[in-house]
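Student: Each chain is listed here by its residues.
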Amino acid sequence: MKYMRSLLFFFTFFCLMSWSFRLVKPKTYTTESGVESRDIHAVNVLSEPAQTLQVLFLGDSEIQTGVLPMELWNTNGITSYICGQSGQRTMESYFWLKEVLKTQTPQLVVLETDQFYHCRDIQTELKHVIKNTAHYYFPVFKYHNLWKTWLNQSDMAAKTERNPLKGYNYNDKTKPYTGGTYMEETDKKEKSKPMVRFWMDRILNLCRENNIEVLLVGIPAPLNWSYERHNEVNEYALGKGVPYLDFNLLEKELGINWLTDTMDGGDHLNINGAKKVTAYLGAYLKKNYALTDYRENQMYQYWHRDWKKYKEITGKLPVKTGDF
Amino acid sequence: MAYHTTLYLVLFLPASMIAYQLMPVKYRFYVLLLFGYYFYYCISGTLIIYIMAATITTYLSGLLIEKKKGFLIFCILLLMENLAYMKYYNFFAANGNRIISFITSEQPFTLKAMILPIGISFYTLSAAGYLIDIYYKKIPAEKNIGKLALFLSFFPTIMEGPICRYGELGRELFAGRSITMERLATGAQRIFWGLFKKMLVADRLDVLVKTVYDGYQNYDGTVISVAAVAYTIQLYMEFSGCMDIVIGTGEIFGITLPENFRRPFFSKTVSEFWRRWHITLGSWFKEYVFYPVSMWGPVRKLSRTARKHNRHWGEVTAAALGLFPVWLCNGIWHGPRWSYIFYGLYYFVLITLSIAMRPCSEKLCRFFKLNQSSALYHLFQVGRTFLLVVIGELFFRAEGLRIGLQMFARIFTQFNLSSFWNGTLLTLGLDRGDYLLIGAALTVVFFISLAEEKGRDVRRDIKQLPLPLRWSLYYSVMLAICLFGAYGVGYMPVELIYANF
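Residue numbers (our numbering), protein chains in the order written: chain Z, 1 to 324; chain R, 1 to 501.
No incorrect hints appear here.
Simulated pairs of lysine to any residue, SDA-like, Cα-Cα distance not exceeding 20 Å: (1) K2/Z with I462/R; (2) K148/Z with R432/R; (3) K463/R with L7/Z; (4) K25/Z with G433/R; (5) K137/R with L64/R; (6) K275/Z with G265/Z; (7) K148/Z with V207/R; (8) K463/R with E453/R; (9) K240/Z with Y289/Z; (10) K131/Z with N145/Z; (11) K131/Z with C482/R; (12) K252/Z with Y182/Z; (13) K131/Z with E495/R; (14) K131/Z with M1/R; (15) K148/Z with D434/R; (16) K127/Z with S44/R; (17) K148/Z with T427/R; (18) K127/Z with A15/R; (19) K308/Z with E48/Z.
Think of the hints as simulated: they come from the structure by calculation, not from any bench.
All chains, please: the whole structure from these sequences, using the hints.
Tutor: The following block contains the structure:
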């Protein structure tokens with residue numbers, strides 16, 4: 001009886017926790033409305049109309065700066081979004097995927113492989129597991145500080161807007177990389193942590209359960225990548241039967257010029273580099289996956305409007321666009 | 001992994017509870033020891049070696065003192081050596097350099113980069129107390145080093161105390177009592193109350209306190225006095241809140257830990273305040289410093305001589321001689337800073353003055369026909385004590401004695417009442433909502449404390465409430481922590497203040 005009462009106590013508490021999210025639910029995804037600045041590019045995936053995205057990109061800042069969803073749209077008619085965060089861990093990718101799957105059914109999930117090496121000590125990782133799990137199941141933990149908007153209702157009145165960059169973190173600065181060849185062929189491997197592979201496995205399982213194909217992608221980044229890392233991810237991909245496209249090995253095919261295509265000396269691509277990667281990726285996706293071209297579809301006309309906004313932003317604003 | 005973190009509350013504590021409960025009663029203390037060392041390793045890494053060394057030293061010293069009492073001083077010095085060197089070397093070296101540089105312009109002592117093991121001041125005092133108790137034959141020396149190791153590294157007490165006595169805590173630690181639903185509920189109740197105080201009030205006030213103390217030059221006396229009051233409240237809410245979590249954790253394991261706070265802001269005098277604030281530290285100094293010093297031959301002789309000349313001043317002298325080392329040690333214990341020494345001596349002066357001025361104040365009361373037992377007079381006493389405590393905390397928190405004095409001076413030289421209503425207070429990192437929330441939370445804490453002060457056992461009262469009402473109360477506190485806690489976006493995690501001592 002005592003145990004039943006305890007169960008009832010916690011069950012009621014969890015119900016209350018779920019309900020209390022209604023009290024602090026953000027009406028708009030901006031830093032002012034309580035969204036963490038790290039989430040700001042990714043979070044507007046939730047503003048996309050339901051069941052409209054074909055491809056979902058997950059990963060860290062490499063994917064945020066390495067792929068242009070609007071270019072994919074303009075050239076191939078593919079609807080996609082980048083749910084990226086700086087230093088995104090595989091566990092975070094997992095929870096973002098779960099969140100997105102509530103409203104979208106993408107055909108393909110593209111995972112950037114730099115996150116195979118985003119793992120610190122066990123304490124930090126456990127802390128992140130608890131945080132992400134809590135945020136996913138009880139979003140009140142994430143947005144609880146919005147109780148302050150009760151005192152000022154106008155803060156809550158703004159309407160949600162789509163992000164015309166679709167999660168891309170725009171930057172047109174150029175700082176050349178002059179370090180030379182960084183992908184020296186070797187048989188050595190740089191081991192990734194078990195925690196990373198555990199969450200990667202969960203992502204693959206989740207995709208399998210939802211009939212979503214998975215593609216592992218490595219965005220060119222001389223400062224972050226090596227052949228040892230490539231070997232490790234390649235072995236993992238082979239073991240799981242997942243295709244792996246490492247752009248770090250395709251410099252020539254992409255036509256990457258490290259003097260003009262990186263914003264910070266080889267850590268991230270700038271928009272020039274991203275366009276090259278996107279052009280190659282678009283053709284690859286078109287060839288290998290049955291993705292529909294929606295450019296002529298009336299239901300997707302807002303993508304043309306977003307394309308115009310994207311052109312305005314990338315054409316007029318010289319530096320980072322900041323928050324949406 | 002501080003006590004208010006999710007890592008502690010969601011993973012570490014439940015894991016330790018499960019392991020403890022699964023173990024046969026006889027061996028349960030080993031589980032606590034194992035988790036204690038793991039906890040310490042998590043917060044201090046390889047510095048765990050120091051607590052292990054202290055444990056071995058204490059263990060061997062205990063056995064030695066039991067046989068040959070004359071070794072007490074040597075053993076205490078040996079035990080204190082690490083603390084003295086790691087915590088105070090740089091302080092004495094820097095001050096030594098300063099003095100010598102007046103004469104020779106040389107600086108003979110090299111300052112060293114040292115990392116202080118967390119909790120060293122707490123476990124060293126506990127260990128010293130253990131040795132002194134053996135010396136006075138209050139307890140026998142512990143033969144099982146595992147048990148002594150657990151006493152010094154019990155994970156709820158390792159960061160911020162309370163400073164425990166082996167004679168009291170030992171029995172509790174090794175009893176291996178089972179975790180029952182009732183113990184779990186009672187412990188959880190206390191833990192949530194602690195979280196309420198820390199996360200709603202203390203961590204929220206931290207923003208204001210940091211803003212003002214870091215840039216005190218930019219603020220007038222009004223803002224500085226607000227910050228001093230805010231810090232006093234923050235420190236109480238944080239430290240007593242942490243103690244609630246610690247004691248609640250103990251309750252889950254069926255271990256009764258000593259209380260460290262007893263509603264200190266209801267105190268009518270400063271000495272009463274210290275009997276209610278950081279109680280275990282105060283009683284440690286009373287037991288192991290005040291009494292031995294007061295009983296020391298030369299001190300007793302001096303007091304007797306003073307009494308012969310004038311009874312009152314004799315008493316004052318006796319008290320002062322005993323109190324001076326207590327308050328000096330209290331200040332130094334907090335850290336190697338002049339401001340802490342000043343803080344300790346500030347209380348020494350206040351308490352000695354209050355003893356010295358007692359006949360005078362009684363005369364004044366009689367002269368003005370003040371009723372000393374009236375509620376109004378008590379209120380005045382409580383207000384006066386609070387004010388004196390706030391002044392002490394201003395120096396305690398200031399980054400050095402000089403800055404403390406400058407801040408204190410500003411209160412008198414740049415006091416500007418308009419800061420209360422011209423919006424200045426809204427530029428200190430807190431908005432209207434924050435102030436409202438702090439006010440509401442403090443009101444809850446005040447009324448509960450008031451009820452306890454009047455002799456009500458609030459926890460028993462809650463237990464006797466009808467179930468729906470009781471649950472609603474629990475849900476309110478839990479939801480308040482989740483919704484209104486100062487954590488997440490816009491808040492930096494706030495470290496436990498006393499863990500740094």
